[in-house]
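2 protein chains.
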Amino acid sequence: MPNTHGGAEKGPESSKDRHRLILETAARLICEKGYDGASIQDIADACGLTKAGLYHHIRSKEHLLLEIQNYGMDVFEEQVLSQVIAIADPIERLKTCMHRNVMLVTKGWSKEVTIILHEHATLTGEARSQINARKKRYVRFLESSFAEAIRSGRMREVNPTVAAFSFLGMVLWIYKWFRDGGKISAEQLADEMKKVLFGGLEIAPAKAPAAPTVRRKR
Amino acid sequence: MPNTHGGAEKGPESSKDRHRLILETAARLICEKGYDGASIQDIADACGLTKAGLYHHIRSKEHLLLEIQNYGMDVFEEQVLSQVIAIADPIERLKTCMHRNVMLVTKGWSKEVTIILHEHATLTGEARSQINARKKRYVRFLESSFAEAIRSGRMREVNPTVAAFSFLGMVLWIYKWFRDGGKISAEQLADEMKKVLFGGLEIAPAKAPAAPTVRRKR
Numbered sequence: 001m002p003n004t005h006g007g008a009e010k011g012p013e014s015s016k017d018r019h020r021l022i023l024e025t026a027a028r029l030i031c032e033k034g035y036d037g038a039s040i041q042d043i044a045d046a047c048g049l050t051k052a053g054l055y056h057h058i059r060s061k062e063h064l065l066l067e068i069q070n071y072g073m074d075v076f077e078e079q080v081l082s083q084v085i086a087i088a089d090p091i092e093r094l095k096t097c098m099h100r101n102v103m104l105v106t107k108g109w110s111k112e113v114t115i116i117l118h119e120h121a122t123l124t125g126e127a128r129s130q131i132n133a134r135k136k137r138y139v140r141f142l143e144s145s146f147a148e149a150i151r152s153g154r155m156r157e158v159n160p161t162v163a164a165f166s167f168l169g170m171v172l173w174i175y176k177w178f179r180d181g182g183k184i185s186a187e188q189l190a191d192e193m194k195k196v197l198f199g200g201l202e203i204a205p206a207k208a209p210a211a212p213t214v215r216r217k218r
Numbered sequence: 001m002p003n004t005h006g007g008a009e010k011g012p013e014s015s016k017d018r019h020r021l022i023l024e025t026a027a028r029l030i031c032e033k034g035y036d037g038a039s040i041q042d043i044a045d046a047c048g049l050t051k052a053g054l055y056h057h058i059r060s061k062e063h064l065l066l067e068i069q070n071y072g073m074d075v076f077e078e079q080v081l082s083q084v085i086a087i088a089d090p091i092e093r094l095k096t097c098m099h100r101n102v103m104l105v106t107k108g109w110s111k112e113v114t115i116i117l118h119e120h121a122t123l124t125g126e127a128r129s130q131i132n133a134r135k136k137r138y139v140r141f142l143e144s145s146f147a148e149a150i151r152s153g154r155m156r157e158v159n160p161t162v163a164a165f166s167f168l169g170m171v172l173w174i175y176k177w178f179r180d181g182g183k184i185s186a187e188q189l190a191d192e193m194k195k196v197l198f199g200g201l202e203i204a205p206a207k208a209p210a211a212p213t214v215r216r217k218r
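Protein chains in written order, with this note's numbering: chain B, 1 to 218; chain V, 1 to 218.
No lab work stands behind these hints: they were computed from the structure.
Incorrect hints may have been included.
[Stated by the list, open to error] Covered by chain V, according to a simulated footprint, are these stretches of chain B (three or more residues, beta-carbon under 8 Å):
1. 155-169
2. 182-189
[Claimed, not checked] Think about it this way: if two alpha-carbon atoms lie no more than 25 Å apart in a straight line, the pair counts; the simulated SDA-like pairs of lysine to any residue are:
3. B:LYS111 x V:LYS136
4. V:LYS194 x B:PRO90
5. B:LYS136 x V:HIS118
6. B:LYS33 x V:ALA127
7. B:LYS95 x V:GLU143
8. V:LYS176 x B:GLU62
9. B:LYS107 x V:VAL158
10. V:LYS183 x B:ALA147
11. B:LYS33 x V:GLU126
12. B:LYS176 x V:ILE131
13. V:LYS33 x B:GLN41
14. B:LYS195 x V:ALA147
15. B:LYS176 x V:GLN130
16. V:LYS16 x V:CYS47
17. V:LYS135 x B:PHE178
18. V:LYS183 x B:ILE150
19. B:LYS95 x V:LEU172
20. B:LYS194 x V:ARG140
21. B:LYS111 x B:LYS135
22. B:LYS136 x B:ARG93
23. V:LYS194 x V:ARG154
24. B:LYS176 x V:VAL139
25. V:LYS33 x B:SER39
26. B:LYS195 x V:ARG151
27. B:LYS111 x B:LYS136
28. B:LYS176 x V:ALA133
29. V:LYS111 x B:CYS31
30. V:LYS135 x B:TRP177
31. V:LYS194 x V:SER152
32. B:LYS51 x B:CYS31
[Claimed, not checked] Covered stretches of chain V (in silico footprint by chain B; criterion: 3 or more residues with CB under 8 Å from a CB of chain B, positions within the stretch not fixed):
33. 157-164
34. 175-188
Remember, it's a predicted structure, so these values are computed and weren't measured experimentally.
Here a beta-carbon is modelled for each residue, glycine too, at the ideal position from N, C-alpha and C.
This is chain B alone, in the form it adopts within the complex (with noise of 0.2 Å):
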């Protein structure tokens, strides 16, 4: 589980959970003092390393800002994306990305690693390409997702590329202000979101003419 922050020194976890750590704590760094204000002595500081103990665990502070975002994606790749790509129908295969998603914005990982994935455009070249193209299979499974469920029957006629990034902006868009202890739990954020998407989307069954609008008093 990505937030283990502290109790990394035993079993044959605690290298990877030290690694995490280090990318979490790094994160935060950044995120508070801008790529270039965070130094790799601040970083070690803050891992409680010393700056040759952190240039164990990393190569350079570049690559470290494109193993931050690729931890991000490892995993959301391993909670989400892994856990329902084999989902035969479209909808429900959607209606389960979606929540898992969610749970994963809200709980799964630190805010800052969602800054840094989608605010950061600090990386170039190759190691862009690596991320952008893990970020663009997602679209393309959302799309294509969307598409099916359509070709079936079951869902409006939309954009699947419209579709998509919908799902994508309510989803990714929560890092900016959802708060998890607050009015509304994780749970029945991911419930909520599924409902105003898919409520929608989703053709209802026929159903037998309704009375003549129901009003509630209130």
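Following the hints, put chain V in place on chain B, whose structure we already have.
Frame of chain B; chain V shown alone:
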């Protein structure tokens, strides 16, 4: 109109246009080089002004950042909020609002203004509170419009806060992926987004039982 680059030497509009051009240019430089990286000299050069000439228009670099954000909110309120706030029907109000907000994000101002409004946390104290209050006003407007539509019985019962931030996420994520002149036009994007969001939210008028689902040939 915001993107009025150049030709600002005639008529009563010229000083306002010149000011807008400075703000848009500064926004672009701050996005390229970061707030710390973009010097007042860089901004003056890009505007074709001397440093003294630039200081004729701006108070300080920090104040410039506030001005860019206030400019973004001014244009937003002028072209979106004030144009829809008086629409009596809440669903019509929200749809028109989405349409206008999509057009603003795709055509009305530069991508850099959006980035500075939504990604830059460099403002502090009073300036920050001022911008946050303006943003919050929009969130409250959306929430209360969704709540009103739900009370009227014509919108599914969803959490109005989640609906408001879903709306915002869809619309504000656009600058991350949309390119004017690409496969999807701005108008088409606005129409499709309304279909995606409201198709589900709006309770369809009672219809005659449909014939067994007609599937399109493909």
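Going through the hints against the structure:
Requiring three or more residues with a Cβ within less than 8 Å of a Cβ of chain V, the coverage given for the segment 155-169 of chain B holds, as 10 such residues are present. Coverage of the segment 182-189 of chain B by chain V holds [criterion: at least 3 residues with CB-CB distance below 8 Å; count 4]. For the hint linking LYS111 (chain B) to LYS136 (chain V), the alpha-carbon distance of about 21 Å falls within 25 Å, and the restraint holds. As the CA atoms of LYS194 (chain V) and PRO90 (chain B) are separated by approximately 22 Å, the hinted pair is consistent with the 25 Å bound.
Taking the CA atoms of LYS136 (chain B) and HIS118 (chain V), the gap is near 23 Å; set against the 25 Å cutoff, the hint holds. A hinted pair counts as satisfied when its Cα atoms are at most 25 Å apart, and LYS33 (chain B) with ALA127 (chain V) qualifies at roughly 19 Å. Annotation: proposed proximity of LYS95 (chain B) to GLU143 (chain V) holds, straight-line Cα distance about 24 Å (limit 25 Å). Proximity of LYS176 (chain V) to GLU62 (chain B) is assessed by CA-CA distance (about 23 Å); at most 25 Å being required, the pair is judged to hold.
Straight-line distance between C-alpha atoms of LYS107 (chain B) and VAL158 (chain V) comes to about 22 Å, which keeps the hinted pair within the 25 Å bound. Of the pairs offered as hints, the one joining LYS183 (chain V) and ALA147 (chain B) holds, with about 16 Å between alpha carbons and a cut-off of 25 Å not exceeded. At roughly 21 Å between alpha-carbon atoms, LYS33 (chain B) and GLU126 (chain V) fall within 25 Å of each other, so this suggested pair holds. Using a Cα cut-off of 25 Å, the hinted pair LYS176 (chain B) and ILE131 (chain V) holds, with the two alpha carbons roughly 15 Å apart.
Among the hinted pairs, LYS33 (chain V) with GLN41 (chain B) is consistent with the structure: their alpha-carbon atoms are about 23 Å apart, no more than 25 Å. Taking the CA atoms of LYS195 (chain B) and ALA147 (chain V), the gap is near 15 Å; set against the 25 Å cutoff, the hint holds. With a C-alpha separation of about 18 Å, the suggested pair LYS176 (chain B) and GLN130 (chain V) falls inside the 25 Å cut-off, and the hint holds. A hinted pair counts as satisfied when its Cα atoms are at most 25 Å apart, and LYS16 (chain V) with CYS47 (chain V) qualifies at roughly 15 Å.
With a C-alpha separation of about 15 Å, the suggested pairing of LYS135 (chain V) with PHE178 (chain B) holds against the 25 Å cut-off. Only pairs whose Cα atoms come within 25 Å are accepted, and LYS183 (chain V) paired with ILE150 (chain B) is accepted, the gap being roughly 20 Å. The suggested pairing of LYS95 (chain B) with LEU172 (chain V) holds, with an alpha-carbon distance near 22 Å, which does not exceed 25 Å. Our distance criterion of 25 Å between C-alpha atoms is met by LYS194 (chain B) and ARG140 (chain V), whose separation comes to about 22 Å.
Straight-line distance between C-alpha atoms of LYS111 (chain B) and LYS135 (chain B) comes to about 18 Å, which keeps the hinted pair within the 25 Å bound. The straight-line distance between the Cα atoms of LYS136 (chain B) and ARG93 (chain B) is roughly 18 Å, inside the 25 Å bound, and the hint therefore holds. At roughly 16 Å between alpha-carbon atoms, LYS194 (chain V) and ARG154 (chain V) fall within 25 Å of each other, so this suggested pair holds. As the CA atoms of LYS176 (chain B) and VAL139 (chain V) are separated by approximately 12 Å, the hinted pair is consistent with the 25 Å bound.
This hinted pair checks out: LYS33 (chain V) and SER39 (chain B) have alpha carbons roughly 18 Å apart, not beyond 25 Å. With a C-alpha separation of about 17 Å, the suggested pairing of LYS195 (chain B) with ARG151 (chain V) holds against the 25 Å cut-off. Proximity of LYS111 (chain B) to LYS136 (chain B) is assessed by CA-CA distance (about 21 Å); at most 25 Å being required, the pair is judged to hold. Of the supplied pair hints, the one linking LYS176 (chain B) and ALA133 (chain V) holds, its CA atoms being roughly 15 Å apart against a limit of 25 Å.
Pair hint LYS111 (chain V) plus CYS31 (chain B) holds up; C-alpha atoms about 21 Å apart against a cutoff of 25 Å. Proposed proximity of LYS135 (chain V) and TRP177 (chain B) is supported: the alpha carbons are some 12 Å apart, at most 25 Å. For the hint linking LYS194 (chain V) to SER152 (chain V), the alpha-carbon distance of about 19 Å falls within 25 Å, and the restraint holds. Straight-line distance between C-alpha atoms of LYS51 (chain B) and CYS31 (chain B) comes to about 20 Å, which keeps the hinted pair within the 25 Å bound.
With 5 residues having a beta carbon nearer than 8 Å to a beta carbon of chain B, the segment 157-164 of chain V meets the requirement of three or more and the stated coverage holds. Chain B is given as covering the segment 175-188 of chain V, and this holds because 6 residues of the stretch bring a CB closer than 8 Å to a CB of that chain, at least three being needed.
The structure meets every hint from the earlier list without exception.
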